[in-house]
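Each chain is listed here by its residues.
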Amino acid sequence: MDPFLTSRIVTDVLSGLTNGVTYGLVALSLVLIWRSTGVLNFAQGAMPMFATYLGFAFLSYHFGYWACVVACVIAGLLLGGLTERFLVRGLYGKPEINPIVVMVGFLIVLEAVAAAIWSSTPRSLPSPFSAIHWQLAGKPFALSPFTVYEIATALVVMALVAALFRFTKLGLQLRASALAPEVSRLLGVRVGRLLTLGWMLSTAVGVITAILVSANFFSGLTPTVMDGIFAYGFIAAAIGGLESPVGAIVAGVLLGVVNQFVTDFVNQNAVIIIALGILVVSLMVRPSGVFTKSSQRRV
Amino acid sequence: MITIEDLTVSFGAVQALRNVSFVAETGKITAVLGANGAGKTTLLRTISGLKEPKTGTIRLDDQSLVHKRTEDIARLGIGHVPEGRGVIGEFTVEENLRLGAMMARVNLLQGLQEQYELFPVLGERRKQHAAKLSGGERQMLAMARALIAKPSVLLLDEPSLGLAPLVTAQLMHTIQSLCESSDLTVILVEQNATSALRIAHHAVVLHVGKVVANDTAANVSANDNLRQYYLGLVE
Amino acid sequence: MKLIAVRRRVPIAIAIAVAVTIIALVAASTTREGIALSIAFDLAVACGIAMSVPGFKADHPVVSRAALTLLALDVAIFLTFFFSSSTNFNLATGAAMSIVLLGLSFLTGASGQISLGNGAFMGVGAFAMAIWANHHATTPIVLTLLIAVACGALVGLLLGLPATRLRGPYLAGMTLAFAVAFTFILSSFSSWTGGDSGLQLPTAATAPRWLDGFFHAGTPPLTTTTLYITDVAIIVAGVAFFFMANLFASRTGRSMRLIRDNDVAAELVGVSLPRTRVVAFIVSSAYAALGGALLTLIDNSVSPPTYSFALSVTILSLIVIGGIGTISGALIGGVIYAFSTNVISWITTQTGLNPQGNLASQLNGIIFGGLLILTMLFAPFGITGAARQLWHRLRARFPR
Ligand SMILES: Nc1ncnc2c1ncn2[C@@H]1O[C@H](COP(=O)(O)OP(=O)(O)O)[C@@H](O)[C@H]1O
Ligand SMILES: [Mg+2]
Chain G
60 MDPFLTSRIV
70 TDVLSGLTNG
80 VTYGLVALSL
90 VLIWRSTGVL
100 NFAQGAMPMF
110 ATYLGFAFLS
120 YHFGYWACVV
130 ACVIAGLLLG
140 GLTERFLVRG
150 LYGKPEINPI
160 VVMVGFLIVL
170 EAVAAAIWSS
180 TPRSLPSPFS
190 AIHWQLAGKP
200 FALSPFTVYE
210 IATALVVMAL
220 VAALFRFTKL
230 GLQLRASALA
240 PEVSRLLGVR
250 VGRLLTLGWM
260 LSTAVGVITA
270 ILVSANFFSG
280 LTPTVMDGIF
290 AYGFIAAAIG
300 GLESPVGAIV
310 AGVLLGVVNQ
320 FVTDFVNQNA
330 VIIIALGILV
340 VSLMVRPSGV
350 FTKSSQRRV
Chain H
32 MITIEDLTVS
42 FGAVQALRNV
52 SFVAETGKIT
62 AVLGANGAGK
72 TTLLRTISGL
82 KEPKTGTIRL
92 DDQSLVHKRT
102 EDIARLGIGH
112 VPEGRGVIGE
122 FTVEENLRLG
132 AMMARVNLLQ
142 GLQEQYELFP
152 VLGERRKQHA
162 AKLSGGERQM
172 LAMARALIAK
182 PSVLLLDEPS
192 LGLAPLVTAQ
202 LMHTIQSLCE
212 SSDLTVILVE
222 QNATSALRIA
232 HHAVVLHVGK
242 VVANDTAANV
252 SANDNLRQYY
262 LGLVE
Chain B
9 MKLIAVRRRV
19 PIAIAIAVAV
29 TIIALVAAST
39 TREGIALSIA
49 FDLAVACGIA
59 MSVPGFKADH
69 PVVSRAALTL
79 LALDVAIFLT
89 FFFSSSTNFN
99 LATGAAMSIV
109 LLGLSFLTGA
119 SGQISLGNGA
129 FMGVGAFAMA
139 IWANHHATTP
149 IVLTLLIAVA
159 CGALVGLLLG
169 LPATRLRGPY
179 LAGMTLAFAV
189 AFTFILSSFS
199 SWTGGDSGLQ
209 LPTAATAPRW
219 LDGFFHAGTP
229 PLTTTTLYIT
239 DVAIIVAGVA
249 FFFMANLFAS
259 RTGRSMRLIR
269 DNDVAAELVG
279 VSLPRTRVVA
289 FIVSSAYAAL
299 GGALLTLIDN
309 SVSPPTYSFA
319 LSVTILSLIV
329 IGGIGTISGA
339 LIGGVIYAFS
349 TNVISWITTQ
359 TGLNPQGNLA
369 SQLNGIIFGG
379 LLILTMLFAP
389 FGITGAARQL
399 WHRLRARFPR
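Protein chains in written order, with our numbering: chain G, 60 to 358; chain H, 32 to 266; chain B, 9 to 408.
Warning: the hint list may mix true and false statements.
[Said to hold, decoys possible] Keeping only pairs whose Cα atoms sit at most 20 angstroms apart, straight-line, the calculated DMTMM-like set for lysine to aspartate or glutamate is: (1) H:K82 to H:E102; (2) H:K163 to H:D214; (3) H:K99 to H:E83; (4) H:K99 to H:E148; (5) H:K99 to G:E241; (6) H:K181 to H:E211; (7) G:K228 to H:E114; (8) H:K163 to H:E125; (9) H:K82 to H:E36; (10) H:K241 to H:E36; (11) H:K82 to G:D71; (12) G:K228 to H:E121; (13) G:K228 to H:D103; (14) H:K158 to H:E121; (15) H:K181 to H:D92; (16) H:K59 to H:E155; (17) H:K163 to H:E114; (18) H:K158 to H:E148; (19) G:K153 to B:D204; (20) H:K59 to H:E102; (21) G:K228 to H:E36; (22) H:K82 to H:D37; (23) G:K228 to H:E102; (24) G:K198 to G:D71.
These are calculated hints, taken from the structure and not from any lab test.
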């Protein structure tokens, strides 16, 4: 009998959590943009990837890890803002497929340009914490200093976003612009600027995800590093109903845990297939999202 | 004071307003009356910059409002309670009011206090979601949300729509006393001509986008032709 | 009265043309080009006669579409006899791709939705074809193609059922997830799909005996096979286009367009929204599978990396550039696809890029992604839309 903390189940849950928080963050950033601008941003993985490359380019100028992280976030804020201003702004109110197509195009361009500049060879990012798992009574424990950093960062980011929306003037305006843009403008809210800000914010959230994901020493940073994460993030957001930030996070974390169990008990290939199956079933059973209260549904 | 001159607004081929001119005096209530589709809502939306006019001018005192952005017009002190009230149902009463106070340079707590005194019901329900309010309460919330920013002009789009006669009377009374106690300019759009004319100083009657009367409220009230043909008031 | 007489004459003209064609076939001599020329000429004449009759298009839309298809097929097949075998190969892939594009165009044109997973649906057809052919080598091509189409439709039903019931970008996101998952699905069933190396068809498709006169006269077998497959691909594409043109014009097609333009109004007049969307999605998946199956036939093999997410994006780019929601857009996209590799390598050599370098290897993505964005922003209906606009402007400038 294994000791409890190093048992297979606990190991799976904790490793699943580590992946799950990154899905949750991507799902959260998708929901933020979807709610405020009605655009499902298919470049929500690629934009942070690009910003991460940009920020970590400063490594060659002898920036430390934390300075590079700050550079990444700044690059993400800029990229998000510019994208909204120059690519997305003309698409509001257009048929649903127009923003989808444009953002898919942007995804392709960003990935291709990143590969053209930095090549597709994985680049390993420095990490401030050791990725070597702790040992408990001679057995490997599911967590390492790095995974604790990963989970903690994700939780902090989620808490900050929640606090911003719930407790600040800015959050109130962001929510109002998303729910009732015209009324907000009549009350003097500068909706246009807030939409830009929303894109900046959600790209920054994505950048933090990308930094955490690509510091994983198995994959490293590649132009396509976020493709899979994006797919899981979307699945989580859709299960959560696309409207609910909390639902997106919860679904993301749960999906991470389920995926880990599938990896462990079935195999690696089955993970995305089963995730897709869960999405199909959950959409059949609760089309407007598992975590959406019926009063919140918007058609 | 709002001055409108020669205002023409169109939706494609449809002209919703044609050469409309009138003045809404400071500290007075100007009623804009007319049947459904007369262009009343379009008029208010054009003042607020939600719709671009084809020709004509709109001035707040000496400042032109045409080609300004809606949010900038609001920040000049024009409060607009839109058709259907525009209350954000997902927000609590207090969040709605806080949103209204956002751009005002007033103390938030004091502003809230004032509105709760003016509309005690709102104070009782401050933590409730606005979606749970009754029609009259929503109208009060919408007005309070506009008033909390201390506007110099208040645009009201059919505040009485869907309200019981008693509630309507109460509402009109509130509007009247607001106007008397401050220098608020009110443009009151109504289909319900009787109750609007009771409190208005001045009245403009629109018919299919054209001004058919522009006179004191008393004169418009007394004009049988207008009452019969444009206001639907037949004794 | 005179007009009616003219119309009566049409079937007679067609009958004559068909008779002449058959005679030409029967009298197959060894001069391949001679026969090809005579058949092509007869067909063109017949179709031309049929379509030039005034009022014929309005009275017999289906027959006139058939005539147009026949004419186009006739010209295309005739040309393949003169092209090099590499050009023919490109044309064949282009034809297969245009079928896929047609399906996607229909989905968007009919329901206003979009799929980001048509590359994977193509893969479903491609693998269904290869797997079936490996287990039942004797099944005729047409039947195998139909089986592949059925597989595509089935998977489409499975994914479309939940997603098309929802408004918003659910279908797009879900098909994207499917496209990403597809290569994993393939390797999960590696005993069927051949794992990383994919599958080989047991025998190359060759022309049947009675067409020997066309495809085997004195030319090396490799060339004749390419020619034969190209002609098969073009004919299948022609049939697919013919069906789609009729579907677009049918009652179903009209009610679908109503949904795209105004779903509330559509529901008011009794069109079932979810059902129509599901049907549109299934049709698009089935068309993608047909294109994929055809591609397997052309390549004589199928390999998993072909059907990655990148293919789905290429498909999206092609139809957007060609003109989404239109039939001619699919044709234009297919032609672009046929020659895109050549064009891109031409650009690489012209600009003096290092062909092994990073930029050159990413040129495809940069160009297609960039065109995708620019087209959507500045000409949402692609080349077809721009051409139509130009045409209307010219008509307005120079009225008849
Ligand atoms: N968004 C719009 N698009 C087209 N026509 C409109 C629009 N809004 C209003 N109209 C037209 O403008 C005219 C005036 O409408 P409106 O201002 O709403 O009238 P009222 O508020 O007096 O009932 C009507 O004929 C109406 O059909
Ligand atoms: Mg109105």
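Has the given pair, K99 of chain H with E148 of chain H, been kept, meaning a C-alpha gap of at most 20 angstroms? violated (34 angstroms)
Mind checking the alpha carbons of K158 of chain H and E148 of chain H for me, to see if they're no more than 20 angstroms apart? holds (16 angstroms)
Quick one, are K82 of chain H and D71 of chain G close enough, alpha carbons at most 20 angstroms? violated (58 angstroms)
Are the Cα atoms of K99 of chain H and E241 of chain G separated by 20 angstroms or less? holds (15 angstroms)
Are the Cα positions of K59 of chain H and E102 of chain H separated by 20 angstroms at most? violated (24 angstroms)
Hint check: K163 of chain H vs E114 of chain H, CA-CA at most 20 angstroms. Holds or violated? Distance of about 19 angstroms is within 20 angstroms: holds.
If you draw a straight line from the CA of K228 of chain G to the CA of E36 of chain H, is it 20 angstroms or shorter? violated (38 angstroms)
20 angstroms Cα cutoff - pair K163 of chain H, E125 of chain H: holds (13 angstroms)
20 angstroms limit on alpha-carbon distance, applied to hinted pair K153 of chain G and D204 of chain B: Cα-Cα ~42 angstroms, so violated.
K228 of chain G and E121 of chain H were given as a pair; does the straight-line alpha-carbon distance stay at or below 20 angstroms? holds (16 angstroms)
If you draw a straight line from the CA of K228 of chain G to the CA of E114 of chain H, is it 20 angstroms or shorter? Violated - the C-alpha atoms of E114 of chain H and K228 of chain G are around 26 angstroms apart, more than 20 angstroms.
For K99 of chain H and E83 of chain H, compute the direct alpha-carbon distance and say whether it is at most 20 angstroms. Given that 20 angstroms is the threshold and the Cα spacing comes to 9 angstroms, the pair holds.
Comparing the model with each earlier hint shows violations of hints 2, 4, 7, 11, 16, 19, 20, 21; every other hint is respected.
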